[in-house]
Amino acid sequence: MSQIAFPALDQTILARRDALHAGLAAFLAPECLITDEVGRRAYETDALTAYRRAPLAVVLPRTTEEVARTLKFCRDQGVNVVPRGAGTSLSGGAVPQEDAIVIGLSKMNRILEVNLVDRYARVEAGVTNLAISDKVGPDSFFYAPDPSSQLACTIGGNIAMNSGGAHCLKYGVTINNLLGVRLVTFDGEIVDIGGPALDPGGLDFLGLICGSEGQLGIVTEAWVRILRLAEGARPVLFGFDSAEEAGQCVAAIVGAGIVPVAMEYMDKLAIEITENFAHAGYPLDVEAMLIVEVEGSEQEMAAELAKITDIAKAHGVRTIRASMSAMESAQIWKGRKSAFGATGRIADYICMDGTVPTSRLPEALRRTGEICAKYGLRVANVFHAGDGNMHPLILYNVNDEKEQEKAEAAGAEILLMSVELGGCLTGEHGVGIEKRDLMTSQFTPAELTQQKRVRAVFDPDGRLNPAKVFPLEGRAA
Amino acid sequence: MSRETLTPASDAEAAEIVRAASGRGALDIVGAGTRAPIGRPPEGARRLSTAELSGIVFHEPAEMALRARAGTPLAEVQASLQAHGQMLPFEPMDPRCLLGTAGEPTVGGLVATALSGPRRISAGAVRDSLIGLSLVNGRGEILSTGGRVMKNVTGLDLVKINCGAHGTLGLILEATFKLLPIPRSEATIVMRRLDDATAIAALARALGSPFGVSGAATIHAGMGRDFPRTVLRVEGFEESVDYRVERLLALLAEFGAKHALRGEDSKKMWRAIRDVQFLAEPRERAIWRVGLKPSAGVDFLARLGGAARDSFFDWGGGLVWLSTDPTDAAAHAVREAVAALGGHATLIRAPEEMRARLDVFEPLSPILARLTRGVKASLDSQGLFNAGRMYASDDSADSLQIGGMASRV
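Top line first, the protein sequences correspond to chains A and B.
Per the numbering used here, numbering of the first sequence is gapless, rising by one per residue and ending at 1310.
Per the numbering used here, numbering of the second sequence is gapless, rising by one per residue and ending at 411.
Do not rely on the hints blindly, as some may be mistaken.
What the hints assert, rightly or not - Which stretches of chain A does chain B cover? Using the computed rule of at least three CB atoms under 8 angstroms from a CB of chain B, they are:
# : region
1 : 879-885
2 : 1028-1034
3 : 1059-1067
4 : 1186-1198
5 : 1248-1262
6 : 1287-1294
Rather than coming from a laboratory, the hints here were simulated on the basis of the structure.
These figures come from a predicted structure and were not determined experimentally.
Virtual Cβ for every residue (Gly too), placed ideally from N, Cα, C.
The whole structure should be built from the sequences, with the hints applied where relevant.
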């Protein structure tokens, strides 16, 4: 049915299922272990919902030590492990299989320390992204990376995928805001990498682990940078008659040396879907819209907006609407951040995540439309234009096998185009299982083998989050 | 004793040299040599020069990205950037004054040593701007990692692990950087005669403000003036700089903040801090670069007592530049104080015999030491690149044996 293949199950593991359950129960409290079928089913997929495989067992540790004991147990028993945060991965990064044990970090959700003087927070990996900003918000601080799923997604998952968000144009992605991690290796050893001080000497293991999709170990705690909120922030909507003009406007703003806090793109279909849901006051009579956000004092925001408006006018902007209140700003961002959810209400979709150089955006948008039209599919574009990170949402019906195949084929073509234009397969969602088999389009066999050699230093048998990131070898089931 | 220097004229030739080097001893990678005195002394049988692997591959102002070959003089990169009003965000240190070296710093050395300047606190470290690399691994394969776009999480990222690896994991051929526009204007607020604790509190208050501070340092008496100065930089377009200076002066009034340096005076101050000019003399002293959480800086100096000869704080107190006598006792004191407070210390300048004998980089825990050897071996199983540059070769039983040779980082 599905196009993405899974490796053959290890029958020797399945045969030992009861013994493995008993082995885990020997050192885990009952509330930390799920072995019944209904309970396991809750962990069969993530936000790539077309793929569902219930795990052998689910472990929900409360401490780093419990993570360590579980990992050591799994390594000793030769069992595959799938780490899981909140299960919001769009690339199937947390999709397990019947012979694997899921280690979910949801019980490790405490904020351990907030230090406003040194501007960092130490948090457990299961803390949600938004919980950090909520905690330090009353002191006018925030944690910068803001994936759309920030209400649900966890810091552990953000670190695994090096997640971005709408505001990373100015503030960077997860790695740029991460100071340190507590990592449990597959051997069950606990090691701190980095900490409250910037840039530890020695090899940059923090930079290696962040974005490694849970294949090098399990992060149980993190030190993250917290930043002071700007004096004010104002999103402005710019409506255009064509995708081409909007794309050129983005390239021109970047080219003029202006770095707004955020620069988001939505096409007509995305505007209609989200406006229906969020009532953000988006213009419905335009083909494409940019949400550009500026920050600072009133005077600073006005000055920067004046420059951006001049550029937009030179590129045929039709409507301009600045937020006039905090409530309007919240509505504008609510619309953008609920775009995926709102789309999910009208159709099933898969979301591509390739990045292209900003100067190639107009071409990438045109070709995305052509590819989807060729397959007879609808596409809604809503993405981070400032850094060229596209998110075409390809609409289809999950109950129509043929249409799912078409949607996946169209998605693959769009990603190959991103690579061809000088970009990459995934800007912030990760490779997971979804883009695994396209990796050969971006990397040579030698490059992939080198990446796997580095991974093997941490996990020689490839049992941590197996069958992700790298193309499958050998026989698939 | 002069050693043979190999100077490949192309990437393919460089890869061929590496393939042919198997079993013939290690290669020391050399650029212009402006950072050569950083790290443990070279142990390689031969030298591999990037001198002819030079030139800007592309500079796309509209994408704010630049790619250059490893041997490209930084001056050439800066000239191209300046012509388009752009810059490397992390404010790279010019090491020549501190290290007493000559020549034109290169892109390869910049990436290999990863010494970020004062703007690190607001614009990120070298690794945060480094978005792509190509390199030769120990098998003589030319590999690409990362790319030319900022948002990229495709595959296992080998860019950052090579940034600051002092050439121990491979020969860097090309590097791609994300750029920022050069701020149109800057100003530096100066507060005088604050003791360290008060100075760091003032910096913390400014860094915790919404006024976009891009430099926060405090320098001691004898560094250009006979009293301590605590300095804060703001950058941006003129009206914005004026506004933020005014707000910061009000915020810091109780610390005696009254005036701001502008233009070239401001630039000169941050060049001096960036390049550690204050500690360059006397030449015989050892120089340490110490990372701490900012509020630990005062305690750190107190623990050192007399071992600290001279020092100043950058990064709001989170980076201590320190000079000591070049003695084992002083080195021991630095390591102990850092271990007690949490952080890291790197011996940036010291006599060769001292760098051969003592840890130059922060000593590694057993687990990190094992992972370090493992990653080294995964990229360079025969230990061809910059052997012993970061850590002394390890003859202990658990040293990783691959291809019959112990792998040394």
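Results for each hint:
Counting residues of the region 879-885 of chain A whose C-beta lies closer than 8 angstroms to any C-beta of chain B gives 0; at least three are required, and the coverage claim is violated. Evaluation of the coverage hint for the region 1028-1034 of chain A: fulfilled, as 7 residues show C-beta separations to chain B shorter than 8 angstroms, against a requirement of three. With a threshold of 8 angstroms between beta carbons, the proposed coverage of the region 1059-1067 of chain A by chain B holds, since 4 of its residues qualify and at least three are required. Coverage of a stretch by a chain is defined here by at least three residues with a beta carbon nearer than 8 angstroms to that chain's beta carbons; for the region 1186-1198 of chain A and chain B the count is 5, and the condition holds.
Coverage of the region 1248-1262 of chain A by chain B holds in this model, with 8 residues showing a Cβ closer than 8 angstroms to a Cβ of that chain against a need of three. Under the rule that three or more residues need a Cβ within less than 8 angstroms of chain B, the assignment of the region 1287-1294 of chain A holds, with 5 such residues.
In terms of the numbered hints stated before, the structure departs from hint 1 and from no other.
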